[in-house]
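Model the full assembly from the supplied sequences, consistent with the hints where possible.
Read top to bottom, the protein sequences are chains C and P. Be aware that the first sequence starts at 277, since it is given in the numbering used here, and climbs by one per residue. Be aware that the second sequence starts at 98, since it is given in the numbering used here, and climbs by one per residue.
Heads up, some of the hints might be wrong.
Think about it this way: if two alpha-carbon atoms lie no more than 25 Å apart in a straight line, the pair counts; the simulated SDA-like pairs of lysine to any residue are [stated by the list, open to error]:
| # | chain 1 | residue 1 | chain 2 | residue 2 |
| --- | --- | --- | --- | --- |
| 1 | P | Lys155 | C | Glu374 |
| 2 | P | Lys139 | C | Phe343 |
| 3 | P | Lys168 | C | Met321 |
| 4 | P | Lys139 | C | Val279 |
| 5 | C | Lys296 | P | Ala142 |
| 6 | P | Lys165 | P | Pro105 |
| 7 | P | Lys139 | C | Ile288 |
| 8 | C | Lys331 | P | Leu191 |
| 9 | P | Lys154 | C | Glu374 |
| 10 | P | Lys139 | C | Phe367 |
| 11 | C | Lys317 | P | Ser104 |
| 12 | P | Lys165 | C | Pro381 |
With the Cβ distance kept under 8 Å, some of the chain C side facing chain P (calculated, not the full set) [what the hints assert, rightly or not]:
| # | residue |
| --- | --- |
| 13 | Thr308 |
| 14 | Arg373 |
| 15 | Pro381 |
Keep in mind that the hints were calculated from the coordinates and are not lab data. Where a beta carbon is used, it is the ideal one built from N, C-alpha and C, also for glycine.
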Amino acid sequence: GAVVSQHPSWVICKSGTSVKIECRSLDFQATTMFWYRQFPKQSLMLMATSNEGSKATYEQGVEKDKFLINHASLTLSTLTVTSAHPEDSSFYICSAREGTGDNQPQHFGDGTRLSIL
Amino acid sequence: QQQVKQSPQSLIVQKGGIPIINCAYENTAFDYFPWYQQFPGKGPALLIAIRPDVSEKKEGRFTISFNKSAKQFSLHIMDSQPGDSATYFCAPLLIDRGSTLGRLYFGRGTQLTVWP
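This is the structure we're talking about:
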């Protein structure tokens, strides 16, 4: 089956540092990848959609300068949380859409738990 | 604007019971109706999905019932097991050609507990 790998799975860092999270599709090419944020016992909130080779599309209320997304290849997208603060602590999950059709399945990574001290 | 309403928020059943989780949606442009299963500390995994041209789909112990006129779809888990204890999300797909293509709209989730 289609596998999406997310790294790291857990990161703790000091306030003010920047953190990069990688999302890789291991056995398929993903033109489109999605980044979500999930707080405890809540639903997934879409942060942005990234298309390979172009700028990401951010959801309303998500700071693009705070959450930098790069989708440089068909198998890798990265999310960088810049100058992270405690309120950025959350569970970040990526998904990758298999194929190019709009209604193709999305496969999710296992998430990255980010804790900012 | 909440486009998807999922209920109940939590559900407790005994082993062998048949939990039913419901999802109601507003936008008739939704084109694909999946259910995702999420275990603690993991990402969601696609469980089962249905397209709007059929009313029911069954895969193993999981069944989706789809009512297009009522704009509702539900997940039924037959012969539930303790290993089914997880959070379930409905997440209909909207193909929005004006902006973000092929976006999932997640419901708020249902925490299912199956007692042995």
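Hint check:
1. Taken as a hint, the Lys155(P) and Glu374(C) pair is honoured in the structure, with Cα atoms around 23 Å apart against an allowance of 25 Å.
2. This hinted pair checks out: Lys139(P) and Phe343(C) have alpha carbons roughly 22 Å apart, not beyond 25 Å.
3. Note on Lys168(P) and Met321(C): the hinted pairing holds, with a Cα-Cα distance of about 22 Å set against a maximum of 25 Å.
4. For the proposed pair Lys139(P) and Val279(C), the alpha carbon gap of about 13 Å is at most 25 Å, so the pair holds.
5. The hinted pair formed by Lys296(C) and Ala142(P) meets the criterion: a straight-line CA distance of about 24 Å does not exceed 25 Å.
6. Taken as a hint, the Lys165(P) and Pro105(P) pair is honoured in the structure, with Cα atoms around 20 Å apart against an allowance of 25 Å.
7. Of the pairs offered as hints, the one joining Lys139(P) and Ile288(C) holds, with about 18 Å between alpha carbons and a cut-off of 25 Å not exceeded.
8. This hinted pair checks out: Lys331(C) and Leu191(P) have alpha carbons roughly 21 Å apart, not beyond 25 Å.
9. Between the alpha carbons of Lys154(P) and Glu374(C) the distance comes to roughly 22 Å, so the proposed pair stays at or under 25 Å and holds.
10. Between Lys139(P) and Phe367(C), the direct Cα distance comes to roughly 10 Å. Compliance with the 25 Å bound is thereby established for this hinted pair.
11. A hinted pair counts as satisfied when its Cα atoms are at most 25 Å apart, and Lys317(C) with Ser104(P) qualifies at roughly 15 Å.
12. The suggested pairing of Lys165(P) with Pro381(C) holds, with an alpha-carbon distance near 21 Å, which does not exceed 25 Å.
13. For Thr308(C), the suggested interface contact is upheld, since its CB lies about 7 Å from the closest CB of chain P, less than 8 Å.
14. For Arg373(C), the interface hint holds, since its Cβ comes within 8 Å of a Cβ in chain P; the closest pair sits about 6 Å apart.
15. The beta carbon of Pro381(C) comes within 6 Å of a beta carbon in chain P, closer than 8 Å, and the hint placing it at the interface holds.
Of the hints listed earlier, there is not a single one the structure fails to meet.
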